[in-house]
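Engineer: In order, the protein sequences belong to chains L and X. At position 117 of the first sequence the residue is numbered 116 (numbering that gives the first Met the number 0), and the sequence of numbers has no breaks. At position 52 of the second sequence the residue is numbered 51 (numbering that gives the first Met the number 0), and the sequence of numbers has no breaks.
Calculated directly from the structure, the hints in this document are not laboratory data. Careful: at least some of the hints might be erroneous.
Said to hold, decoys possible - Straight-line alpha carbon distances no greater than 27 Å define the calculated BS3-like cross-link-like pairs of lysine-lysine that follow:
no.	chain 1	residue 1	chain 2	residue 2
1	X	83	X	45
2	L	107	L	50
3	X	75	X	45
4	L	107	X	2
5	X	87	L	139
6	X	87	X	75
7	L	50	X	155
8	X	58	X	69
9	X	69	X	80
As the list claims (entries may be wrong) - Which residues of chain X face chain L? A partial, calculated answer using Cβ under 10 Å:
no.	residue
10	0
11	4
12	5
13	6
14	9
15	13
16	14
17	21
18	135
19	148
20	252
We treat Cβ as the ideally placed atom computed from N, Cα and C, and that holds for glycine.
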Amino acid sequence: MLKQRSLFWIYFKKNRLAIAGASTISAIFLMAIFAHLIAPYDPGETDIATKLAPPSFKHLLGTDQLGRDVFSRMLYGSRVSLSVGFVAVSISLFIGIIVGSIAGYYGKIVDSVLMRFVDIMMCFPAFFLMLTIIALLGPKIHHVMIVIGATSWMGTARFVRAEFLSLRERDFVQAAKVLGISDKRIIFRHMLPNALAPVFVTATIDMATAILIEASLSFLGFGVQPPAPSWGNILTEGRIYIFDAWWLTLFPGLAILITVLSFNLLGEGLRDALDPRLREEGIK
Amino acid sequence: MTKYIIGRLLQTIPILIGITIISFAIIHLAPGTPIGLTLNPKASPKIIEQMKKNYDLDKPLPVQYWLWLKRLFTGKLYSFKDGKPVLKKIAERLPATLLLNLVAMLIIFSLAIPLGVFSAVRRYSFLDNLCTFGAYLGISIPSFWLAYLLILGTVKLFGYPVLGMRSFAIEELTVVEFILDRWWHLMLPSIILAVGGIAVISRYTRSSMLEVIRQDYIRTAKAKGLSEDDVYYKHALRNALLPIVTIFGFLIPGLISGSVIIETVFAWPGIGRLAYQAVLARDYSVVMTILTISSGLTLLGNLAADILYAVVDPRIRY
């Protein structure tokens, strides 16, 4: 086990893009946690006299149409974007792990029924489905989190199921069954820890997708509602002034891009480091 | 083979039924009635009853589902908003979306496959690393943001509007001018719609090609003295492209979801924009129909891809 872990680190550290992603994510998390200390202004504080001011030393990233400081708003916005991503991914992991492990552990009819349900869910155009449900429930931050989570668990379910199907045949699971340990305990205490590594990879990449989706929903007016600052919101409010105040469009978009890119790079780095086939080639 | 195709077709039926049930359930299990928002709050109980009756909302859910399904397939489903038949509304918008998606598809395949093959052949070269990073950028960039940057750039550079499907205030166009104008308006939205697909398919081609290159028969081909180009582009490429067929089905939901955003940004009169407008107007009969049709299309795309795969790859025997 220890050897596996150190091998993982050796390959992960070699991937400079993944390291860059991980460092950027840590920096963004720190900025989000300490937003109230770093932000030079209150994110809701309006000052009409300095509205639509270009970036300067006083306002690092300029001001918006109400004279609010864009830098401060973006710092607070990172809290919204990250927490939407985090909660949505947690929900999707929860559903995906439950569905996948039950399908993989019990097999047969349970498996077919659950996997047909996964097939059905995967046919829907995800983004349009989310848009519809949020329109029905009303655009609130927790609805956005729940809907993103509830419509993106299918990949995790398939991964976990595949892992469980192979784990099920292993001796330690057979032994646990013979000892009469309850199914619940076998699934969650004995099998799940062995299936978690690929789940973390999908979770990282799902985080990227969730942040991107939140921004797109905000863009269409179904995300987190103004005046609460989210990156998608700032961008959407700013697009009317695109020809006069480019900084309102450029900076939030850049923030989304960098964050999503970092999560994707980290996720792919983790996947490569966990993939034994790629490791073999690295040794050659 | 026939047995496989029939079996595969039979498998699709329960999934198709599941799709219609879920589309129906989503709209009807949400709080509030579908007509709640279209009615004047002062409407008398009598009018509300009448409205409910018109839309079958007074009947039990399974009956409603059955009626809805029957209407959907006989084209008797009407928009809540303007009373037009839903299928007609969709059919009117279909050509614009098809044109946009077809061009995007062409861009995707003509760029992604050469890029992927090139990356695999020159693995770990500077250009391969550049393609890798480009692909990450492609899947990470918010499409609406890219759209605004490109609109800003194009309009500043050429001073010519890019929104919509054609230019306004120009009534009489010759055929050539019409085609040029259409291409001008198609350019940006189709490129942006293609970005994600290029990123995904080029990576997929790359790994598929790498998989083939390490096979024994490629080593044999090299050993018997064939040129590198012959080995890669004649022997390896054919086999590497086989799995790409299956990706075709997966592309459809992405393109439909992408159309919602991109058609909205570019005021492109297609199904994506219709879908967004229907969501905004709470026009649920249109929303449900689009959800069902696009999921059905995805299902058929997957089915076609699977069958095609079995046809083109003689190694696959079910």
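Engineer: Tell me, which hint numbers fail for this structure?
Structural biologist: 2, 5, 10, 11, 12, 13 and 14
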